[in-house]
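Number of protein chains: 2
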Amino acid sequence: MLPKVRVVQWGLGSMGSGIVKLLLNKEGIELVGAIAHRDTKIGKDLGEVLGLEKKIGVIVSSESDPSQAWRGRDVDVLLHATCSTVKEAFPQIRKAIEDGLNVISSAEELAYPDAQNPERAKEIDRLAKKHGVSVLGTGINPGFVLDALIIMLTGVCFDVKRIEATRVNDLSPYGPTVLNSQGVGTTVEGFRDGVAKGTIVGHVGFRESIRMIADSLGWKLGKVEESREPIVTKVKRETPFVKVEPGMVAGCKQVGRGIIDGEERILLVHPQQIHPELEGVETGDYIKIEGTPPIDLRIEPEIAGGIGTIALMVNMIPAIMNAEPGIMTMASLPIPAALLGDVSTKIRRKG
Amino acid sequence: MLPKVRVVQWGLGSMGSGIVKLLLNKEGIELVGAIAHRDTKIGKDLGEVLGLEKKIGVIVSSESDPSQAWRGRDVDVLLHATCSTVKEAFPQIRKAIEDGLNVISSAEELAYPDAQNPERAKEIDRLAKKHGVSVLGTGINPGFVLDALIIMLTGVCFDVKRIEATRVNDLSPYGPTVLNSQGVGTTVEGFRDGVAKGTIVGHVGFRESIRMIADSLGWKLGKVEESREPIVTKVKRETPFVKVEPGMVAGCKQVGRGIIDGEERILLVHPQQIHPELEGVETGDYIKIEGTPPIDLRIEPEIAGGIGTIALMVNMIPAIMNAEPGIMTMASLPIPAALLGDVSTKIRRKG
Numbered sequence: 000m001l002p003k004v005r006v007v008q009w010g011l012g013s014m015g016s017g018i019v020k021l022l023l024n025k026e027g028i029e030l031v032g033a034i035a036h037r038d039t040k041i042g043k044d045l046g047e048v049l050g051l052e053k054k055i056g057v058i059v060s061s062e063s064d065p066s067q068a069w070r071g072r073d074v075d076v077l078l079h080a081t082c083s084t085v086k087e088a089f090p091q092i093r094k095a096i097e098d099g100l101n102v103i104s105s106a107e108e109l110a111y112p113d114a115q116n117p118e119r120a121k122e123i124d125r126l127a128k129k130h131g132v133s134v135l136g137t138g139i140n141p142g143f144v145l146d147a148l149i150i151m152l153t154g155v156c157f158d159v160k161r162i163e164a165t166r167v168n169d170l171s172p173y174g175p176t177v178l179n180s181q182g183v184g185t186t187v188e189g190f191r192d193g194v195a196k197g198t199i200v201g202h203v204g205f206r207e208s209i210r211m212i213a214d215s216l217g218w219k220l221g222k223v224e225e226s227r228e229p230i231v232t233k234v235k236r237e238t239p240f241v242k243v244e245p246g247m248v249a250g251c252k253q254v255g256r257g258i259i260d261g262e263e264r265i266l267l268v269h270p271q272q273i274h275p276e277l278e279g280v281e282t283g284d285y286i287k288i289e290g291t292p293p294i295d296l297r298i299e300p301e302i303a304g305g306i307g308t309i310a311l312m313v314n315m316i317p318a319i320m321n322a323e324p325g326i327m328t329m330a331s332l333p334i335p336a337a338l339l340g341d342v343s344t345k346i347r348r349k350g
Numbered sequence: 000m001l002p003k004v005r006v007v008q009w010g011l012g013s014m015g016s017g018i019v020k021l022l023l024n025k026e027g028i029e030l031v032g033a034i035a036h037r038d039t040k041i042g043k044d045l046g047e048v049l050g051l052e053k054k055i056g057v058i059v060s061s062e063s064d065p066s067q068a069w070r071g072r073d074v075d076v077l078l079h080a081t082c083s084t085v086k087e088a089f090p091q092i093r094k095a096i097e098d099g100l101n102v103i104s105s106a107e108e109l110a111y112p113d114a115q116n117p118e119r120a121k122e123i124d125r126l127a128k129k130h131g132v133s134v135l136g137t138g139i140n141p142g143f144v145l146d147a148l149i150i151m152l153t154g155v156c157f158d159v160k161r162i163e164a165t166r167v168n169d170l171s172p173y174g175p176t177v178l179n180s181q182g183v184g185t186t187v188e189g190f191r192d193g194v195a196k197g198t199i200v201g202h203v204g205f206r207e208s209i210r211m212i213a214d215s216l217g218w219k220l221g222k223v224e225e226s227r228e229p230i231v232t233k234v235k236r237e238t239p240f241v242k243v244e245p246g247m248v249a250g251c252k253q254v255g256r257g258i259i260d261g262e263e264r265i266l267l268v269h270p271q272q273i274h275p276e277l278e279g280v281e282t283g284d285y286i287k288i289e290g291t292p293p294i295d296l297r298i299e300p301e302i303a304g305g306i307g308t309i310a311l312m313v314n315m316i317p318a319i320m321n322a323e324p325g326i327m328t329m330a331s332l333p334i335p336a337a338l339l340g341d342v343s344t345k346i347r348r349k350g
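Protein chains in written order, with numbering that gives the first Met the number 0: chain A, 0 to 350; chain B, 0 to 350.
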């Protein structure tokens with residue numbers, strides 16, 4: 000029998016909990032440790048923390064001594080879902096890399112860390128190579144819809160003049176943290192103030208997606224421009240966590256532009272709001288490639304974001320274990336695939 | 000300066016000619032040899048053979064001594080576009096592999112040679128590993144729309160119950176060889192007769208696409224069923240090469256079914272005909288994944304087939320040069336990308 004893939008999950012918020020539940024359904028993978036931020040979860044059985052019917056036999060470790068979760072357990076991969084930035088992620092994944100774990104993280108900036116954190120990216124790459132492990136940032140976006148999928152489509156092109164892609168999604172299922180970060184429920188003035196102060200961040204990842212696309216195609220990226228505008232509702236919109244009256248902000252329309260040779264060659268548009276259907280807005284993922292041949296792709300409704308990110312974190316496990324040491328990206332690894340069989344059969348064990 | 004990628008093109012039909020023209024526009028690639036089947040092309044300058052305005056400085060070699068095209072020229076990659084089957088392709092690419100060339104072929108069965116040619120697949124893999132080179136079969140289909148793109152989409156899924164994908168295209172731009180192979184212009188009886196005799200082959204590649212999908216997802220593939228039905232026209236349809244009266248055959252509707260655990264879990268549908276618009280049929284690529292989440296993708300019109308295959312043959316050059324030795328597939332290599340910059344910068348030279 001092939002050895003199972005041994006995994007530790009760091010982060011037990013909605014993303015991390017979803018990852019754990021998915022892992023428990025996969026053949027050939029064993030979850031051997033978990034790390035939580037909140038004191039209320041630490042020291043308890045993971046099954047109890049997640050509200051499952053039975054115990055899993057994994058006691059949740061503390062972030063203050065994360066290596067407790069993998070020490071002596073011959074762990075292959077750390078799945079990391081705690082933050083968005085490389086600055087926050089680096090100190091957390093550093094110890095895992097040094098202890099010989101491959102890392103897959105949902106931190107948006109890790110999808111292409113060279114974009115905004117070139118020095119830390121070099122350091123991660125150096126450490127990963129030194130310790131013979133591979134590091135990947137992935138997720139639905141950045142990591143899939145507005146970068147890897149676009150790049151893949153250009154593979155059938157002789158030439159590409161310009162790329163325009165839009166992801167229209169629905170924030171209604173999300174909780175307060177996400178809603179606040181998008182400015183949902185604020186006044187227009189409050190929205191602009193929040194953007195200026197950095198409390199309303201909108202989507203994190205356009206700079207990473209745009210660099211990934213440009214580098215993959217061989218375009219020399221000049222400036223990246225980004226804007227965040229309030230989506231002001233004309234009708235009342237409501238979720239369990241927020242009420243938005245007409246004239247107030249139901250979401251954030253984020254736009255990213257990649258300027259190449261002085262021209263806008265990459266345009267990414269990402270309006271995120273609660274209940275878009277109340278104003279007749281349909282959700283979907285749209286990619287237009289102006290090139291030879293032209294390509295016009297629609298996915299309606301949009302690929303579910305939370306599910307997509309959780310799935311990619313788990314489905315990329317074989318690719319990251321089989322990869323060369325160093326920092327990897329969704330553009331440098333084989334395409335993902337749903338893992339429906341015994342995952343251990345997909346691993347090429349080294350040495 | 001980085002060394003250019005040195006390429007030989009084998010096959011100068013419409014596909015091969017398109018590949019040559021695309022290669023000539025790419026920075027960092029040098030075409031150093033070409034091989035033709037037809038005597039009328041051999042010994043002539045490639046520019047003349049392709050009807051270009053000027054000479055290229057490459058004299059077309061004969062298939063009877065193909066290694067003349069690469070001997071002493073330090074060639075990195077053979078691009079091979081002469082046939083559809085592994086049986087035909089193997090003796091041609093064998094010599095190239097033994098002489099240390101990586102190979103990218105448009106032979107449909109090479110997209111997943113293990114599907115119908117497991118013994119030859121093993122032999123190619125063994126030879127490639129022995130000589131330290133990599134071999135890939137690619138093209139729009141098999142190789143992209145009805146396999147790699149589907150697999151990629153499942154990467155965002157927790158689970159997949161069933162896959163249904165359809166490629167509706169237009170054969171009007173094609174010449175007599177393609178039209179005859181699809182039965183265009185025959186009677187219904189003639190069509191059935193041609194299918195029985197193997198002169199009407201329809202699309203080659205469903206068995207390869209279905210195996211690639213099943214293996215990637217970890218599904219144990221049982222039977223593959225395939226059918227070819229005539230598309231009988233109600234109106235007169237005409238191209239420069241064929242006239243089809245009402246009641247006659249305007250194309251071939253091919254269906255492939257992958258049976259897993261006794262159920263049809265993969266359904267691929269590929270109706271190919273001339274002038275589908277005359278009966279109100281719109282062309283497009285459609286992928287439906289019944290899973291968590293469900294995915295409904297449309298690309299309209301369909302990705303142009305000839306261009307797509309030519310583009311993939313060229314755009315996969317960096318991936319095949321950077322790959323480990325052996326048989327590769329579109330599911331085992333990094334995603335393709337349009338090559339718009341200096342291709343030599345994408346190559347990790349070994350040793």
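Don't take each hint at face value.
A pair counts as met if it fits within one copy or between any two copies, since identical chains are not told apart.
[What the hints assert, rightly or not] Okay, derived cross-link-like pairs now, EDC-like style, lysine to aspartate or glutamate, Cα gap no bigger than 16 Å in a straight line: (1) Lys86 to Glu224; (2) Lys20 to Asp260; (3) Lys40 to Glu289; (4) Lys219 to Asp341; (5) Lys287 to Glu299; (6) Lys129 to Glu97; (7) Lys3 to Asp124; (8) Lys287 to Glu87; (9) Lys94 to Glu281; (10) Lys160 to Asp73; (11) Lys20 to Asp158; (12) Lys219 to Glu26; (13) Lys40 to Glu62.
It is worth saying that the hints were derived from the structure and are not from the lab.
First find the shortest C-alpha distance between lysine 20 and aspartate 158 inside one copy, then the shortest across copies, and answer within, between, both or neither for a cut-off of 16 Å. Answer is between: at 13 Å across copies they meet the 16 Å cutoff, but 43 Å inside does not.
Please sort lysine 219 with aspartate 341 into within, between, both or neither, judging by C-alpha distance up to 16 Å. between (42 Å within a copy, 11 Å between copies)
With 16 Å as the alpha-carbon cut-off, assign the pair lysine 40 and glutamate 62 to within, between, both or neither. within (11 Å within a copy, 70 Å between copies)
Checking lysine 287 and glutamate 87: alpha-carbon separation at most 16 Å within a copy, between copies, both or neither? neither (34 Å within a copy, 38 Å between copies)
With identical chains, the pair lysine 3 and aspartate 124 could be close in the same copy or across copies; at 16 Å between alpha carbons, which is it: within, between, both, or neither? Neither: 26 Å inside a chain and 27 Å across chains, both beyond 16 Å.
Treating 16 Å as the Cα threshold, decide for lysine 20 and aspartate 260: within, between, both or neither. neither (46 Å within a copy, 25 Å between copies)
How would you classify lysine 94 and glutamate 281 at a CA-CA limit of 16 Å: within, between, both, or neither? neither (44 Å within a copy, 55 Å between copies)
For lysine 160 and aspartate 73, with the copy left unspecified, which applies at a CA distance of at most 16 Å: within, between, both, or neither? Answer is neither: 48 Å inside a copy and 33 Å across each miss the 16 Å cutoff.
At most 16 Å between C-alpha atoms: does lysine 129 with glutamate 97 qualify within a copy, between copies, both, or neither? within (8 Å within a copy, 35 Å between copies)
Status of glutamate 224 relative to lysine 86 across identical chains (alpha carbons, at most 16 Å): Classified as neither: same-chain Cα gap 22 Å, cross-chain 53 Å, threshold 16 Å.
Within, between, both or neither: lysine 287, glutamate 299 at alpha-carbon 16 Å: Both: 15 Å inside a chain and 11 Å across chains, each within 16 Å.
Reference check for the pair lysine 219 and glutamate 26, CA-CA at most 16 Å: within, between, both, or neither? between (43 Å within a copy, 14 Å between copies)
Checked against the numbered hints above, the structure violates hints 1, 2, 3, 7, 8, 9 and 10; every other hint is satisfied.
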